[in-house]
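**Q** One letter stands for each residue in the lines below.
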Amino acid sequence: MAAPQIVMQAKGLVKRYGHVTALEGADFELRAGEILAVIGDNGAGKSTLIKALSGAIVPDEGEILLDGQPVHFKSPIDARRAGIETVYQELAVAPAMTIAENLFLGREIRKPGWRGRWLRMLDKKRMAEESNRHMQDLKIGIRSMSVPVESLSGGQRQGVAVARSAAFARHVVIMDEPTAALGVKEGNMVLELIRRVRDRGLPVVLISHNMPHVFEIADRIHVARLGKRAAVLNPKKISMSDTVAVMTGAMRPEDIPPECLAH
Amino acid sequence: MAITTATPHAGNRTMESLKHKLPPIGVLGPFFALLAACVFFAAQTDTFLTGGNLSLVLQQVMVVGVIAIGQTLIILTAGIDLSCGMVMALGGIVMSKFAVELGLPVPVAIVCGIGVTTLFGLANGLLVTRVGLPPFIVTLGTLNIAFAITQLYSHSQTVSDLPDAMTWLGTTFGIGSTQVAFGTVLMLLLYGIVWFALKETARGRHVYAVGNNKEATRLTGIPTQRVLLGVYVLAGAFYGLASLLSVSRTGVGDPNAGQTENLDAITAVVLGGTSLFGGRGSVLGSLVGALIVGVFRNGLTLMGVSSVYQILVTGILVILAVAADQLSHRKER
Amino acid sequence: MQMKTAFALSALCAAVAAHAADQPVVGLITKTETNPFFVKMKEGASEAAKAKGAKLLSGAGKADGDNAGQVTAMENMIAAGAKTILITPSDSKAIVPAIKKAREKGVLVIALDSPADPADATDALFATDNYKAGVLIGEYAKAAMGGKAVKIATLDLFPGHPVGAQRHNGFLQGYGLKSLDAKNNELAHPSEVVCMADSFGDQAKGQTAMENCLQKNPDINLVYTINEPAAAGAFNALKKAGKDKSVLIVSVDGGCQGIKDVAGGKIAATSQQYPLKMAAMGVDAGVEYAKTGKKPSGYTDTGVTLIAAKPVSGVESKDTKVGTDLCWGKK
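Sequence order for the protein chains is A, B and C.
For any residue, its number in our numbering is found by taking its place in the first sequence, counting from 1, and adding 186.
For any residue, its number in our numbering is found by taking its place in the second sequence, counting from 1, and adding 1.
Residue numbers are given in our numbering: position 256 of the third sequence equals residue 245, and the series is strictly consecutive.
Hint data in this document are derived by calculation from the structure and do not stem from the laboratory.
Check each hint, because a few of them may be wrong.
[Stated by the list, open to error] Straight-line distance between alpha carbons at most 27 Å, and here's what the computed DSS-like set of lysine-lysine pairs gives: (1) B:LYS215 x A:LYS260; (2) A:LYS310 x B:LYS98; (3) B:LYS98 x A:LYS311; (4) C:LYS31 x B:LYS98; (5) A:LYS311 x B:LYS200; (6) A:LYS371 x B:LYS200; (7) B:LYS98 x C:LYS249; (8) B:LYS200 x A:LYS297; (9) C:LYS31 x C:LYS319.
These numbers were taken from a predicted model, which means no experiment stands behind them.
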């Protein structure tokens, strides 16, 4: 069996806030073509880990590698430029603007020729066409790209955010509690989208508190505990309750049956 | 599992149908209100709908109209500028005094006046973005500072005997039998340019984005603080242009100008359908809003009705405009 | 806030000084600091105070209509030992409670330039007879029009203001038209007045009002204006319509800019009023009260003079040189 290709990796990340150490030598590994769920109790260091990976914070020690190359992100823009896109819990779209506008926000396409260069006019037609294409790729069935995002349901809005990340990500998509603000039906819609993102070749890091969702789509589960990586679990083998036990420390990592670990 | 367009959040059925009948009001609502007012006044007096009278109304609103451009930009970012009228007055005093007392060539004096108003815009913008103070408070302060500086520098005296070049925008040219002021043309041109920029360029769309959801916009990598600062500085420049129009129209630098223009500009923006919560509206709406106020003032005077009624009508219209804006968007909140 | 602390400090010093010298202390509170009308008033008050050996405290509101600022100034001045308060009320009704409190403490309160509402809320009023000011320019206009059929536009202040009403009604009375008396706050509207518009005493609004009036009635040949800035605006509008030579404008105030406009032919005649005299008389009354306890009462006319570049027969007026000598504002 070929060794799994590692897209993103972190070794020995340390982050301190005053006396509190959020990350104490945390490791991380994301493989190509997978959905890696990151779970952990409050204070386990999971959000700090994700912030380090997405450029929102700078770790005090340790290194992060993207496709084997070390990277140093000083801001979320740096991570974006490196091809890492993030989808947030709080529906980060501008409600009054259209789907196409939201998709291309900050990355607008200008018209060719003098109209784009001198008048700086936007190529709205092209942006609408490309938005349509991205949405179709994820099989999101919204016909018009020029409806304001606020006229969509919560799940569809999140779909726009997911489509945006999938459209522009080159290496990794990080999703921070993407279904937390949604109801059951819409949450499932977004899960399906996440699968499609993975199927298009983009590995996904999924932070979630929602165990059923995690078990439904994750290929592997990274458990964060006490600022470190406690274990990486195989959701097909381990039970939900045992997973929670590992997360809370009720089950120690050495006590995990080997077949439950992901390889 | 295909995802189809879901139905909007279940709600009151009448609100539902009302919402579908009132698409986001945009500029159409205020425009129809303006049209209705014109029809009304045309019926009441036959001097209203003449070329000469309408050209006059355009001249009467051109100062507030241009101030409203700057105010629209700021309100689109969910901010507000209470200092606009006073800053405009200061600009007028500076340019007129520089030309008359310091003897500077007219273009230089004009640039100085606009420079001063732009600096005030910069100050407002820096206080809002760097220091993080709410725009309402900041501009309340600069309103007083601008007023005081204007009164002190001018010794509360108007500056008269301005060189002709400075008041050129107040002069007219003929279109057919109607006299149109150059200043009116400038106002329309400015509206056209800003409308184009807001609609067709990335920077313009960013202004809307920042007002609509500042955090989301920041997360996409757009430098929201720079956008905000730019908006305040640009608004300051527009106040300077408005002061040139004011000086051109009245022929003097008046330290007491702009006192009602403060609220009049905000009224024009609100009447034009731009939301005070930011992110929604069209700059053309502000032109319509300014015209509505001007048309009522002109029409009521032609009818011989006291100006108090004009103030009453304006107040009622503002409430209607804000209510219509709220109703058409309540669903989406 | 800074003004308040600075004022409190100076008031304290004044109190100490006053106690030491047993000087009469007079407080002058104007509507604003910077309006040349009030600057002139303050000048007149300082000179009179110096001449009579009184101590003058001065203060003002932040802007026209700032009642709270005036109330604060009054309280501080009384605390500093002022036994007489001279005030140009920004809000003639709202200031009354504060005046009442002051008078109960034995302080003499005199209104300058415009009355409180009701007028007897103050001990006395030293002001221009605004009705008379209107009558004078009305008489002048009648004589200047020489019996022509007249179509009048009035550019007023805004509805309900007593000074606006008095000047407007006085003008119509002086012209010989059907008008209202000096106590009435409504604006008379005889048929010869074809357009009544509000200028708010502002030049730009005066221009707009005149433009709209001309649209309504292009044959207007006489314009009454509440004050000289409004008149300047009216002149602009008339000039743009090519009517500046054929329409007469009359006004009230007598500020230096206004007298210049009379000399320049923009305004035919204006009634000049004397803020300096008001303040000086007020200080004198204050000193008298401190020395003898005698209070002035009722209304004292501080005088109004008709200034015109071209005199007309039957109406007494002074020329612009006199006007310039007596004017207030920057010459």
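**Q** Could you grab the alpha-carbon distance between LYS31 of chain C and LYS319 of chain C and see if it respects the 27 Å cut-off?
**A** This hinted pair holds, its Cα atoms lying about 14 Å apart.
**Q** Keeping to a limit of 27 Å between CA atoms, is the pair of LYS215 of chain B and LYS260 of chain A held or broken?
**A** Given pair LYS215 of chain B, LYS260 of chain A holds - Cα atoms ~21 Å apart, limit 27 Å.
**Q** Can the restraint linking LYS371 of chain A and LYS200 of chain B be considered satisfied, given a maximum Cα separation of 27 Å?
**A** 36 Å, violated
**Q** Please verify whether LYS200 of chain B and LYS297 of chain A have alpha carbons no more than 27 Å apart.
**A** 14 Å, holds
**Q** Hinted pair, alpha-carbon criterion (27 Å max): LYS311 of chain A, LYS200 of chain B. Please report holds or violated.
**A** 14 Å, holds
**Q** Starting from LYS98 of chain B, check that the Cα of LYS249 of chain C is at most 27 Å away, please.
**A** 18 Å, holds
**Q** Do the alpha carbons of LYS31 of chain C and LYS98 of chain B lie within 27 Å of each other, as the hint requires?
**A** With Cα atoms ~26 Å apart, LYS31 of chain C and LYS98 of chain B stay inside 27 Å; holds.
**Q** Does the structure keep LYS98 of chain B and LYS311 of chain A at a Cα separation of 27 Å or less?
**A** Violated, at about 51 Å.
**Q** Would you mind confirming whether the straight-line C-alpha gap from LYS310 of chain A to LYS98 of chain B stays at or under 27 Å?
**A** Roughly 48 Å between the alpha carbons, so the hint for LYS310 of chain A and LYS98 of chain B is violated.
In summary, the structure is inconsistent with hints 2, 3, 6 from the numbered list given earlier, while agreeing with the others.
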